[in-house]
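**Student:** Residues per chain, in single letters:
Number of protein chains: 2
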Amino acid sequence: MTGRGIDFYFDFGSPYGYLAAEQIEAVAVRAGAEVVWRPILLGAIFKTTGGAPLTDSPLKGEYALRDFRRSAAFYGVPYRQPSRFPIGTVLAARAILWARTHAAARYKALALAFYRAYFRDDRDLSQSEVVADVLRREGLDADAVLAACAEEALKAELKAEVDQAIARGVFGSPTFIVDGAEPFWGADRLPMLEAWLARGGWSY
Amino acid sequence: MTGRGIDFYFDFGSPYGYLAAEQIEAVAVRAGAEVVWRPILLGAIFKTTGGAPLTDSPLKGEYALRDFRRSAAFYGVPYRQPSRFPIGTVLAARAILWARTHAAARYKALALAFYRAYFRDDRDLSQSEVVADVLRREGLDADAVLAACAEEALKAELKAEVDQAIARGVFGSPTFIVDGAEPFWGADRLPMLEAWLARGGWSY
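Chain order of the listed sequences is Y and L. When the letters of the first sequence are read in order and numbered with numbering that gives the first Met the number 0, they come out as residues 0 to 203. When the letters of the second sequence are read in order and numbered with numbering that gives the first Met the number 0, they come out as residues 0 to 203.
Bound-form chain Y, shown alone (with noise of 0.2 angstroms):
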């Protein structure tokens, strides 16, 4: 461990952030770095930064629909086009803050669980079945933690994690912030974010 930190931002609705999610933690080993992971809610910061949903506009969501699979392919990453998609993933979200406090160990588990649930399942991962439902499979008490979720104090701390990703100008998922202060945006710029942890930076 050399201490180096990254905070891994991501929604649970982003393709890119799944892809991003089964390779940041080899990355991160390979770099000796610990990853805090950071559900967040695109939805809530689209309405601050006037962003959309990718596949939403011509052309480039025709391009982003094609590019999701045959990305997944090329990272050797199990991928399905989800049938209902985007959807809301605020449930998924408050899960995985309740985890990082109560199951610690699990948390990263779980939200690769939600994540393949939704993106290799095709299980709709709005729906509090299926939420329960990866839950009780990872182990947890699914009736105790939804019902957690639907306390003002999950609500307070997501919504505090969302407003944080703003401040921090967080406009899309995944971002990852390498010690603090080195933002990098998308599955693709892994390998830069990879070749400046092993250099320690360069200057720009």
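Since the hints were made in silico from the structure, they are not lab data. All the pointers check out, no bait thrown in.
The list treats identical chains as interchangeable, and a pair is accepted whether it falls inside one copy or across any two copies.
Taking lysine-lysine pairs in the DSSO-like style, the calculated list, with each CA pair at most 27 angstroms apart, reads:
no.	residue 1	residue 2
1	K59	K158
2	K158	K46
3	K59	K46
4	K158	K107
5	K46	K154
6	K154	K107
Given chain Y, put chain L in place with the hints provided.
**Tutor:** Just chain L, lined up with the frame of chain Y:
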């Protein structure tokens, strides 16, 4: 030569187009592919697609200005953010179409010289004096080329190039279309494009 082909669409005002222009021929040589350089006008394309210059977006714009410089340093390409940005690049685009037909052996060097004037030397490429000076330094008859650029034939040729780009799904710069079928958008897709050429593609 394997007879493979890459159509390289770019706007002279595009930083990532410049970064791609400095790399694409090396990628093509390694793959035994031939590149056709196709200048386009993003402004005209954005009218169809509703796109906007990257640097116009809040948060994303700030990130982009940082990523231009950082990516250039990562690729080992000199870069200076132009004082005037973005600019109209219609004259340089027409001059390249002229050179592609009338000075084919030199048109790629001329395109690189235009890009370097703008992104290395901070010369305002929207100005005809700058275009003329670059033409002269590249050994071309600047007066004759600029006169041709004012004629209907070259205007129509550039319009046709832009219309064809839109018809082929091009919405940003740089875009590469491999073997007339496989589109790659962004300088950051060059590693994937190179893998695509090396493996003869993959199913997805």
